[in-house]
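> Below are the chains, spelled out letter by letter.
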Amino acid sequence: MVDVALIDHVFILAAILFCLGLVGVLVRRNIIFMLISMEIMLNAAGLAFIAAGSAWGQPDGQVMFLAVVTLGAAEVAVALGLTLLLFRRYQSVDVDNLKELRG
Amino acid sequence: MSYGASLITHLWPLVLFLVLVIGLISLMLAGPYFLGSRRNARATGEPYECGIVPVGSAQYHVPIPFYLFAIFFVIFDLEAVFLFAWAVAVRETGWAGFIEALVFIVILLVALLYLWRLGALDWRTFRQKRDRASVLLR
Amino acid sequence: MTMTELHALLPIIVIAGISVVLMVMTAFFRHQRLASLITYGGFIAAAVLVAGQTGSGPQQATPLLIMDEYSRFFSLVILVTSLAATMLAYDYLRRSDVFKEEYYILLSLAVLGAVVLVSSNHFAAFFIGIELMSVSLFAMVGYMVQGRTRRAVTLEASVKYMILSGVSSSFLLFGIALVYADFGVLSFSGLHSLLGLHSTSSYSQIGAAMIVVGLAFKLSWVPFHMWTPDVYEGAPVPVTAFLATVSKVSVFAIIVRFFIESGAFRLEALVQALVWIAVLSMLVGNGLALLQQNIKRLLAYSSIAHLGYLMVAFIAIAGSNLANTNLAVEATAFYLVAYIVMSLIAFGIITTLSSPERAEEAETLAHFRGLFWQKPGLATAMGLALLSLAGIPLTIGFVGKFYVFAAGVAGQLWLLVGVLIVGSALGLYYYLRLIMEMCKAPDTEPAISREETPLENRVVLSALGLVLLVIGIFPNGLITTVHAAVAVLR
Numbered sequence: 128m129v130d131v132a133l134i135d136h137v138f139i140l141a142a143i144l145f146c147l148g149l150v151g152v153l154v155r156r157n158i159i160f161m162l163i164s165m166e167i168m169l170n171a172a173g174l175a176f177i178a179a180g181s182a183w184g185q186p187d188g189q190v191m192f193l194a195v196v197t198l199g200a201a202e203v204a205v206a207l208g209l210t211l212l213l214f215r216r217y218q219s220v221d222v223d224n225l226k227e228l229r230g
Numbered sequence: 003m004s005y006g007a008s009l010i011t012h013l014w015p016l017v018l019f020l021v022l023v024i025g026l027i028s029l030m031l032a033g034p035y036f037l038g039s040r041r042n043a044r045a046t047g048e049p050y051e052c053g054i055v056p057v058g059s060a061q062y063h064v065p066i067p068f069y070l071f072a073i074f075f076v077i078f079d080l081e082a083v084f085l086f087a088w089a090v091a092v093r094e095t096g097w098a099g100f101i102e103a104l105v106f107i108v109i110l111l112v113a114l115l116y117l118w119r120l121g122a123l124d125w126r127t128f129r130q131k132r133d134r135a136s137v138l139l140r
Numbered sequence: 134m135t136m137t138e139l140h141a142l143l144p145i146i147v148i149a150g151i152s153v154v155l156m157v158m159t160a161f162f163r164h165q166r167l168a169s170l171i172t173y174g175g176f177i178a179a180a181v182l183v184a185g186q187t188g189s190g191p192q193q194a195t196p197l198l199i200m201d202e203y204s205r206f207f208s209l210v211i212l213v214t215s216l217a218a219t220m221l222a223y224d225y226l227r228r229s230d231v232f233k234e235e236y237y238i239l240l241s242l243a244v245l246g247a248v249v250l251v252s253s254n255h256f257a258a259f260f261i262g263i264e265l266m267s268v269s270l271f272a273m274v275g276y277m278v279q280g281r282t283r284r285a286v287t288l289e290a291s292v293k294y295m296i297l298s299g300v301s302s303s304f305l306l307f308g309i310a311l312v313y314a315d316f317g318v319l320s321f322s323g324l325h326s327l328l329g330l331h332s333t334s335s336y337s338q339i340g341a342a343m344i345v346v347g348l349a350f351k352l353s354w355v356p357f358h359m360w361t362p363d364v365y366e367g368a369p370v371p372v373t374a375f376l377a378t379v380s381k382v383s384v385f386a387i388i389v390r391f392f393i394e395s396g397a398f399r400l401e402a403l404v405q406a407l408v409w410i411a412v413l414s415m416l417v418g419n420g421l422a423l424l425q426q427n428i429k430r431l432l433a434y435s436s437i438a439h440l441g442y443l444m445v446a447f448i449a450i451a452g453s454n455l456a457n458t459n460l461a462v463e464a465t466a467f468y469l470v471a472y473i474v475m476s477l478i479a480f481g482i483i484t485t486l487s488s489p490e491r492a493e494e495a496e497t498l499a500h501f502r503g504l505f506w507q508k509p510g511l512a513t514a515m516g517l518a519l520l521s522l523a524g525i526p527l528t529i530g531f532v533g534k535f536y537v538f539a540a541g542v543a544g545q546l547w548l549l550v551g552v553l554i555v556g557s558a559l560g561l562y563y564y565l566r567l568i569m570e571m572c573k574a575p576d577t578e579p580a581i582s583r584e585e586t587p588l589e590n591r592v593v594l595s596a597l598g599l600v601l602l603v604i605g606i607f608p609n610g611l612i613t614t615v616h617a618a619v620a621v622l623r
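Residue numbers (our numbering), protein chains in the order written: chain A, 128 to 230; chain B, 3 to 140; chain C, 134 to 623.
Next comes chain A alone, as it looks inside the complex:
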């Protein structure tokens, strides 16, 4: 069991990871990097769950982490499918090609 006082540190780390991921999604234009950034955000949440679960001495945090990992895999599976479609159409993975919908 982790020292409760260390929880704050873990949460600060998780928050930093989350912000890094968010910035990545916002500034990157390559869809692969956007997906990686999304994964970082999800795993930041997962880290927070693990930390919280161990602070309370419950397995719930780890169970939620399993759910998070599963979601990450499912999302990436569909997202990579879309990436392939994007690449086939534009011969590039730059999302700036997608600019027809405006207004």
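Heads up, none of these hints are tricks.
Among chain B residues calculated to face chain A with C-beta under 7 Å, some are: (1) Y69; (2) I73; (3) I77; (4) L80.
Since the hints were made in silico from the structure, they are not lab data.
Where a beta carbon is used, it is the ideal one built from N, C-alpha and C, also for glycine.
Please build the complex by placing chains B and C on the supplied structure of chain A, with the hints as guidance.
Showing chains B and C alone in chain A's frame:
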């Protein structure tokens, strides 16, 4: 024990480990510089790839089936995560847990069946399939 | 798991069964009619099971899910809506050349997610439900990109939806993790004695705010609405019909349950933020709808505005007077039903008029010009839906809006009620403009095909139109049902 003291007791092995790792790596990098002989042949500057001469740029397109298999791996890998969690608690969950795990596996098996019938597990490229089909027709 | 729990979970198991059966079937032989019939049958069976359990009292099935009158009511609403949406989509899919059976697999998975979502009273089930629904939805938006019927915008819509959906689930999860870190509880009712009561630490406050942000993306509350018009326009219209109704309603239903059961209404800063979100949603939604030439975008902005109206009732739940809060919960549930009926008709008509073989959808004003003279039946249904969206008396939309208005007045939310009135006035303009367009003389070369409307679509649209009118004139039946359904909360 105060918070700072507990932090130090928790962290000192990590710090020591870091120092050792950095020291070892510097030693390994610096050693050859002083001990080794200098030679400048044609292949000296090239990256070592198990004896094969690397050819071409590193930025080539990975064929699409590789992505597909990466996705399958990720998904079916997670099956193991859940089954492991069940395996740890197999005595506590009893028959109900067994049936639930069975349902879980069957659903994933159905998904695999679907993928197989869809042709997603076919490793060959489109061109290979077409060539094979033309061979069979002949 | 006991037998009673299993019995309570039976509807969910049936829905899960649909997708498994369909997957096996699709693996060996593809047949759209059979797939659609299996889907209809499964939804009807699940709905009958849910209806059969109505009145048998709350049943907690595993710590994650609760089957009470509230979740049964919304499960029924979701199942019936999905049935109607699937039937409306049949002909559109038949004429397109993509894989058709996958639509039914993905749809039944999304419905499974929605039903799990409205039945959850624990963060784990809440999260699994919402993600099962979103992942299936963005697959549904995206998978029709291939084939002859592809429209250039579909891929863009699906990529946007996928990324925003991923970001919003991360917000949701991080919020849940923060709340969990603060209290060590993941069930909604476990939070009731904790959230907002003791000197709440910043963890749970930030956590609750992040949960709301995550859900606001899914509900397209302003300022988290940017994806909505693009996705509505880009997605194939049967998918849009499903997305606009089931996903919005199930998320709204659970956010009401979450706020009431966890006591999140006690966080005053959060409620204050919700007020501003509501004001912005109503104003921005209606304001931008005025500028739209594309019908799907217009309906997207109008749905943003309607979710803003719903928030008036939602915020009124926060009041301290018990009678008022009950009225507000009822108003929310009633308006959700009204919103489903109206939107489903509107998108159903667009689905019916669209021709996937020409890779175009009936989404411009030109498609609707003179519709009354060419297809009077469809035009009447569309007219009714638009009048109802505008809140004209004798329609379900009027009763719903009146209910929301009453809840707002009872909760003394004068700012929100004022904006509600302004928004409705703006709404009147663009809905009536579309009706005027339908009344004009048709062009010499009509933009829509002259094909006969398929029987399935005619049946569903007339049934929905009838519901719209009957509940609009005699709302008592639905009001009693809603009253019984929401009584279990708190």
